[in-house]
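Line order of the protein sequences matches chains F and Y. Position one of the first sequence corresponds to residue 1 (the working numbering), numbered consecutively onward. Position one of the second sequence corresponds to residue 111 (the working numbering), numbered consecutively onward.
In short, the hints are calculated from the structure, not lab data. Quick caveat: nothing in here was measured; it's all calculated off a predicted structure. Glycine included, every Cβ here is placed at the ideal spot set by N, Cα and C. Incorrect hints may have been included.
Here are the computed lysine-lysine pairs in the DSSO-like style, where the Cα-Cα straight-line distance is at most 30 Å [as the list claims (entries may be wrong)]:
| # | chain 1 | residue 1 | chain 2 | residue 2 |
| --- | --- | --- | --- | --- |
| 1 | Y | Lys172 | Y | Lys154 |
| 2 | Y | Lys181 | F | Lys102 |
| 3 | Y | Lys172 | F | Lys42 |
| 4 | F | Lys68 | Y | Lys172 |
| 5 | F | Lys68 | Y | Lys188 |
| 6 | Y | Lys188 | F | Lys1 |
| 7 | Y | Lys121 | F | Lys1 |
Not close to chain F: a few residues of chain Y, all C-beta gaps over 10 Å, as computed [what the hints assert, rightly or not]:
| # | residue |
| --- | --- |
| 8 | Trp132 |
| 9 | Pro153 |
| 10 | Lys154 |
| 11 | Leu155 |
| 12 | Asp184 |
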Amino acid sequence: KQEVTQIPAALSVPEGENLVLNCSFTDSAIYNLQWFRQDPGKGLTSLLLIQSSQREQTSGRLNASLDKSSGRSTLYIAASQPGDSATYLCAGREDTPLVFGKGTRLSVIA
Amino acid sequence: EAGVAQSPRYKIIEKRQSVAFWCNPISGHATLYWYQQILGQGPKLLIQFQNNGVVDDSQLPKDRFSAERLKGVDSTLKIQPAKLEDSAVYLCASSLERSTEAFFGQGTRLTVV
């Protein structure tokens, strides 16, 4: 059964800093991995989807990587801004629906 | 393109009452999911539909929760009777197919008092 872990649970950084969020999963037989952003009281916004055949995906200041052999994915945020403050969730999919981690709560301080 | 629509946004009920949530997925999306998110946790799958058939309901508390997806489009999730521990955000998501990108609605925040 797939389990997804996100470390750290919370992170506070000054504006402008580059940062990395970590996601690990237990079963390497993964179809794809998706990163989401969740603002307080809101639903989930899809950020990036990485297929199992890919190693990374980029969108603007965001870059997500996937290493199936080590069971890890990272989300890199460049030049962080206060507007990036939110909870970031990763979710992995095998031949099953998405299995989520508990998320990393990010605060970017102006 | 319209996103996943959910209603209501908020609901407060007393324990042992019943409640229903509605979801309209993105047009053309065959797969529909209901997730439960308790405060501080990641979303947990309750049920997955492929068109109007159930693919996975292994984590749905079937003694009190039920869901249907009529005509393979809209879906409703019902809780009867509600318990205090059902207080959570109920998220609906859809995807074109089972292995493609999933898109979520704004969720319904349920408070059971």
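Taking the hints in turn, this is what the structure says about them:
About 15 Å separates the Cα atoms of Y:Lys172 and Y:Lys154, which keeps this hinted pair within 30 Å; it holds. Taking the CA atoms of Y:Lys181 and F:Lys102, the gap is near 34 Å; set against the 30 Å cutoff, the hint is violated. Pair hint Y:Lys172 plus F:Lys42 holds up; C-alpha atoms about 27 Å apart against a cutoff of 30 Å. Proximity of F:Lys68 to Y:Lys172 is assessed by CA-CA distance (about 35 Å); at most 30 Å being required, the pair is judged violated.
Between F:Lys68 and Y:Lys188 the alpha-carbon distance is near 38 Å, which puts this suggested pair outside the 30 Å criterion. Our distance criterion of 30 Å between C-alpha atoms is met by Y:Lys188 and F:Lys1, whose separation comes to about 27 Å. Restraint check for Y:Lys121 and F:Lys1: not satisfied, since their Cα atoms lie roughly 33 Å apart, outside the 30 Å limit. For Y:Trp132, the condition that its CB be more than 10 Å from all CB atoms of chain F holds, with the nearest at approximately 15 Å.
Here Y:Pro153 does not stay apart from chain F, with its beta-carbon only about 5 Å from theirs, under the 10 Å limit. With 10 Å as the threshold on Cβ separation, the claim that Y:Lys154 sits away from chain F is violated: the shortest Cβ distance comes to roughly 7 Å. Residue placement check: Y:Leu155 does not keep its beta carbon more than 10 Å from all beta carbons of chain F (closest about 5 Å). Listed as a non-interface residue, Y:Asp184 keeps its Cβ farther than 10 Å from every Cβ of chain F; the least gap is roughly 17 Å.
Violation of the numbered hints given earlier is confined to hints 2, 4, 5, 7, 9, 10 and 11; the remaining hints are satisfied by the structure.
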